[in-house]
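J.: Join these two chains into a complex; the hints should help.
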Amino acid sequence: MATMHAPVRFFIAALTLCLVAAFTVSAQAQQPTTVNPTAQSVKEQELLKELKKIQGRGTLPDARSQVIEQPAGRDWRQFHQVTLRWIGAIAILGMLALLVLFYLIRGMVRIEGGRSGRTLVRFNSFERFVHWMTATSFIILALSGLNITFGKELLTPLIGAEAFASFSQWAKYAHNYLSFPFTLGVVLIFLIWIAWNFPSGDDVRWIREGGGIVGGRHPPARRFNAGQKVIYWVVVLGGGAVAITGYLLMFPFYATDVAGMQLAQMVHGIVSVLFVAVMLAHIYIGTIGMQGAFEAMGKGEVDVNWAQQHHSLWLEKQAAKGRVKGGGMAPAE
Amino acid sequence: MARMKFLCDADRCIECNACVTACKNEHDVPWGINRRRVVTINDGKPGERSVSMACMHCTDAPCAAVCPVNCFYTTADGVVLHSKDLCIGCGYCFYACPFGAPQYPRVGNFSSRGKMDKCTYCAGGPEADQSQAEYAKYGSNRLAEGKLPLCAEMCSTKSLLAGDGEIIAQIYKERVVKRGYTSGAWGWQTAYRETIAS
Chain A
240 MATMHAPVRF
250 FIAALTLCLV
260 AAFTVSAQAQ
270 QPTTVNPTAQ
280 SVKEQELLKE
290 LKKIQGRGTL
300 PDARSQVIEQ
310 PAGRDWRQFH
320 QVTLRWIGAI
330 AILGMLALLV
340 LFYLIRGMVR
350 IEGGRSGRTL
360 VRFNSFERFV
370 HWMTATSFII
380 LALSGLNITF
390 GKELLTPLIG
400 AEAFASFSQW
410 AKYAHNYLSF
420 PFTLGVVLIF
430 LIWIAWNFPS
440 GDDVRWIREG
450 GGIVGGRHPP
460 ARRFNAGQKV
470 IYWVVVLGGG
480 AVAITGYLLM
490 FPFYATDVAG
500 MQLAQMVHGI
510 VSVLFVAVML
520 AHIYIGTIGM
530 QGAFEAMGKG
540 EVDVNWAQQH
550 HSLWLEKQAA
560 KGRVKGGGMA
570 PAE
Chain B
10 MARMKFLCDA
20 DRCIECNACV
30 TACKNEHDVP
40 WGINRRRVVT
50 INDGKPGERS
60 VSMACMHCTD
70 APCAAVCPVN
80 CFYTTADGVV
90 LHSKDLCIGC
100 GYCFYACPFG
110 APQYPRVGNF
120 SSRGKMDKCT
130 YCAGGPEADQ
140 SQAEYAKYGS
150 NRLAEGKLPL
160 CAEMCSTKSL
170 LAGDGEIIAQ
180 IYKERVVKRG
190 YTSGAWGWQT
200 AYRETIAS
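Residue numbers (our numbering), protein chains in the order written: chain A, 240 to 572; chain B, 10 to 207.
Hints were generated in silico from the structure; no laboratory data involved. Among the hints, erroneous ones may be present.
Claimed, not checked - The list that follows gives simulated cross-link-like pairs (lysine-lysine, BS3-like), each with its CA atoms no further than 27 Å apart:
(1) B:K54 - A:K282
(2) A:K292 - B:K54
(3) A:K391 - B:K146
Just so it is clear, the structure is predicted and the values come from calculations on it, not from any experiment.
So here's chain B without its partners, still in its complex pose (with noise of 0.2 Å):
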């Protein structure tokens, strides 16, 4: 089984924020939540660089560690999923996050947490494969399709590229090696516990 990773190349993100256009719109996110975001580090200056960021589906997952109902798994493919029938809402896999990934809409009298919701690797949830209970929760399921996640597939510079690990890794790497030059394969010491050597 291949681990799936999410990698950015922010030497060739160019900020257009397809991927998060396109993540909203395949999924159907409600109003006030994105599940992936571009951000811009030293905006306007020299070394500016775009980074894409969602869920990176973690080795040995903060979020599941710390989730008090345990409604975190992950799949075969190394994809980390959580079934919002057991969450709880309590906002712990939030504070344990290292890139800010879940997010919860807001509900009830004093706006309290609803069920969390985070990028699913467009993977869906514990409900059967492609089911309507399954995208309305969750959103579609390419792979189940046999597709990776919209937003690396339409990526204009190829820039957000998701897949097998070791694949996207090797990429990468050549890419280093043609353009001489690396920011970085960002996120992925933390969510990982590996850089890409260059």
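This is chain A alone, in the form it adopts within the complex (with noise of 0.2 Å):
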């Protein structure tokens, strides 16, 4: 540079500064002349699109108080209000009516021939220990639940709203307690008849025909037809995320946040009422819809010819074991 002559040297100095100046004019021309840090923030509205709850850093050391917004509890109140109570409705009055409609239709299943006078055990006592155990928290289960989703618009006017809160307080104090006894109940449930309830080649044909208690026919089956295995599941994987979900609902914040709260009162919600109508189904085909049916839970002892007409496989078993009572005679007739 040093070789290089004033003029070119001038030159290039002067082209130089033309287009610095030219650049800083185009950038003043693009920004604001005055910029306000502070007044750039983050904005509710964009947050809430983004993550659906606002969620920062508090001082508290209770880690929920920093969520400070989540509509997502509109959401869960239309179903809580709305939703839950059509499906319950629906599915628990549905299965009502329909086993009215049932029984006008078809009466009471009776044994075919009567009663043989020769029993044999269907059920042992620990067996129906764990039935009725399940059972009586089941019931009572139901009804502090559906008070809870129900209570309110049915109870209130009739009883008035301090009767109806103190009754709800105990309702909600037996369902959280009785929920022990009952997941006790489907866990030994699951395991004391589980080799019983695995589907077979016989559950095909006695669906077919009905189970016999559509139409008149009598499909062969074991200790358990295909009809009980269904109660037997619904119990077990119904039961287990009732279990589940309820616990998570009892020790809020163990395992879950808001979200995963309302998640599990739905799934709780609607296996529950489901549940409800099931064992509606149950009941009435262990008590009027079937002669001879209650004693298998109630005294533990079944009429043969019940067997015969109902588990004819499990009868021939058991009867080759002789276990069956009462003398090998048959009735005098």
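T.: Now the structure itself:
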């Protein structure tokens, strides 16, 4: 550069100056003259659109307090106040209507040929204990649960707000504490009857022939027929689902946040009302729906003719093992 | 009658937590429960804002809708209150609340939920105004004395505003016009189904 001529150096310097000036002018034209950094802030609506909840940092030790807004509760409200009530009402009242209609058409399924007088053990005392522990817990859980969803509309006008609140308080305690024997019962039911509840080839024929309750035939069945297997799996899977979601609600924040609890309540509510509907059918067929059925879970023994009609394959095996009481004789006719 | 609302001007909140402390002290709020809290969003980053949040006393309050025993009621001033005598501690209002306002003291063997506690807008509960029973359950009743909630009254930057919704919205609008920017009336869209146009 030292050898460069003076006019050339002057020309380059002038050109550089012009370029710099031009860039500066254009930059000033594009940006506002003053920038207030304080004006730039997070916006509530943008955060909600992005994350569906707004969370920050707080000084309270309770981490839950750091969520300041989560409008999802509005959706859950819609579910709890409208959707669940419709599902529950349709499932439970629909099932009751079906059962009444069925009873009027079909009546009680009688033991063909009457009782034989000979019996055999169907459920031992431990099985019956497990069944009734689960059943009594279930009935109280179902009623106290339905009270939470339907009680304020159905009961408050009848007994008043004060009495209804006290009743609901006790119902809540019952619901919480009876969940323990119920859960234990579901686990025991799963364990003691799993061996007889896998689907088998007989189930197909049993279902095709309507289980004998629809239509006149009595398809052969082992200890549990396909209908009973369905009940078994409804209890095990449905019971498991309500137990898990119930404990999530009973012990808040141990495993889930509020969104998780909203979902847990939705699953708990839907499964519960369907569970109640299925159990109504179970109660129907175990009592007024079928002669000789209740004693299986009542005193534990069933009549041979009942077993022949409904569980022929099971009866054959039991008879082969010599488990039929009341002598080997056929009743005098 | 006025329609009482809260409005936290996040552009003014300096996260001093005086509102939180004032509330706890005024109402003798039990351990583990904070009716009001301050949360900082984007802490330490550009655009950081702090918001003081409590029960917003919603229009058509979701807590009241889902309560299985109907223990909530809305006063003539638009304040959402509840009866601890009716509350069964089921937790449903907490699931429904968009602002995390309902809280429960832990009671009993399995630390089950006790009677729900939340901000009363310094308006007590269903008991007789200023009665001992009212104070024991819900804290003091400043509204009955003609005073506004203490949290807002003692806010040093007047970030937290309490009072008739139309008046505090007007104050906020004037502020926004004067300073030329806003981060929005936090929670208003969710609680009152309205925003304050600026």
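J.: All the hints need checking, so say for each whether the structure fits it.
T.: The hints, checked one at a time:
1. This hinted pair checks out: K54 of chain B and K282 of chain A have alpha carbons roughly 14 Å apart, not beyond 27 Å.
2. With a C-alpha separation of about 19 Å, the suggested pairing of K292 of chain A with K54 of chain B holds against the 27 Å cut-off.
3. Restraint check: the Cα-Cα separation between K391 of chain A and K146 of chain B comes to about 24 Å, which is no more than 27 Å; the hinted pair holds.
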